[in-house]
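Asker: In order, the protein sequences belong to chains A and B.
Last residue of the first sequence: 1116 in the working numbering, with the numbers rising by one and none dropped.
Last residue of the second sequence: 190 in the working numbering, with the numbers rising by one and none dropped.
Keep in mind that the hints were calculated from the coordinates and are not lab data.
Fair warning: this is a prediction, and the values are worked out from it, not measured in the lab.
Every residue gets a Cβ at the ideal spot worked out from N, C-alpha and C, and that includes glycine.
Keep in mind that the hints are not guaranteed to be accurate.
Have a look at the derived ranges for each label pair, beta carbon to beta carbon [as the list claims (entries may be wrong)]: (1) B:ASN92 <-> A:ARG1016: 45 to 51 Å; (2) B:ALA80 <-> A:GLN1039: 17 to 23 Å; (3) A:SER1002 <-> B:LYS152: 22 to 28 Å; (4) A:GLU1055 <-> B:LYS144: 36 to 42 Å; (5) B:PRO154 <-> A:SER1019: 44 to 50 Å; (6) B:ASN92 <-> A:SER1085: 23 to 29 Å; (7) A:GLU1055 <-> B:GLY91: 37 to 43 Å.
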Amino acid sequence: SAVISQKPSRDICQRGTSLTIQCQVDSQVTMMFWYRQQPGQSLTLIATANQGSEATYESGFVIDKFPISRPNLTFSTLTVSNMSPEDSSIYLCSVAGDRRGNEQFFGPGTRLTVL
Amino acid sequence: AQSVAQPEDQVNVAEGNPLTVKCTYSVSGNPYLFWYVQYPNRGLQFLLKYITGDNLVKGSYGFEAEFNKSQTSFHLKKPSALVSDSALYFCAVSHLTGGGNKLTFGTGTQLKVEL
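Please work from the sequences and hints to get the whole structure.
Answerer: So, in structure tokens, the structure goes:
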């Protein structure tokens, strides 16, 4: 399984600011994903980070709010822009092979609190 | 649309007793099913998956899951629960989208194992 790290592990931010979360993998992977886990809730997929092209966003998530970069096969960033308290969540990145049966492996998450 | 349901928000069991965490699914085509566990302040850990083959799948930490096509279920089981098994458990189904290998998660079941 891949070893995944995220930075920062947690942050407290002011309303209206932006935060960029980094996800680093110890090996090259085809698929990288970003999820949001709101307090007491399940995981919701934000987008698939595609290497060399724009991310693919799920319904309800837009690039202006959650811009994503994927410059290579081991790294991705998610920015949470113009934050509001409703953005307070745990943000997790995950990686997988490109086959449907491949399990995803998750990073430890970034706990974001917006005041 | 693909979906999974976890009908129980919380399951309580005494240490040493068998445990079951329920999951039912709705998919078009063959289901690819997964169980993940989340310990407090940690990311998700992969437990096991069903792709094809034997209906009884064995995974990490002594957990197993039984795939039942007629009942569209994939319940997680363990013969003898430990206090350390107390955590949040998620069932998930995989399906392909234009963005690749996408997971849809259930709402999660909090397992509490007591002495």
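Asker: All hints are to be evaluated individually against the structure, with a verdict given for each.
Answerer: These are the hints, each one checked on the structure:
1. B:ASN92 <-> A:ARG1016: 45 to 51 Å: holds (48 Å)
2. B:ALA80 <-> A:GLN1039: 17 to 23 Å: holds (19 Å)
3. A:SER1002 <-> B:LYS152: 22 to 28 Å: holds (23 Å)
4. A:GLU1055 <-> B:LYS144: 36 to 42 Å: holds (38 Å)
5. B:PRO154 <-> A:SER1019: 44 to 50 Å: holds (49 Å)
6. B:ASN92 <-> A:SER1085: 23 to 29 Å: With Cβ atoms ~45 Å apart, the hint is violated.
7. A:GLU1055 <-> B:GLY91: 37 to 43 Å: Distance hint for GLU1055 (chain A), GLY91 (chain B) is violated at roughly 52 Å.
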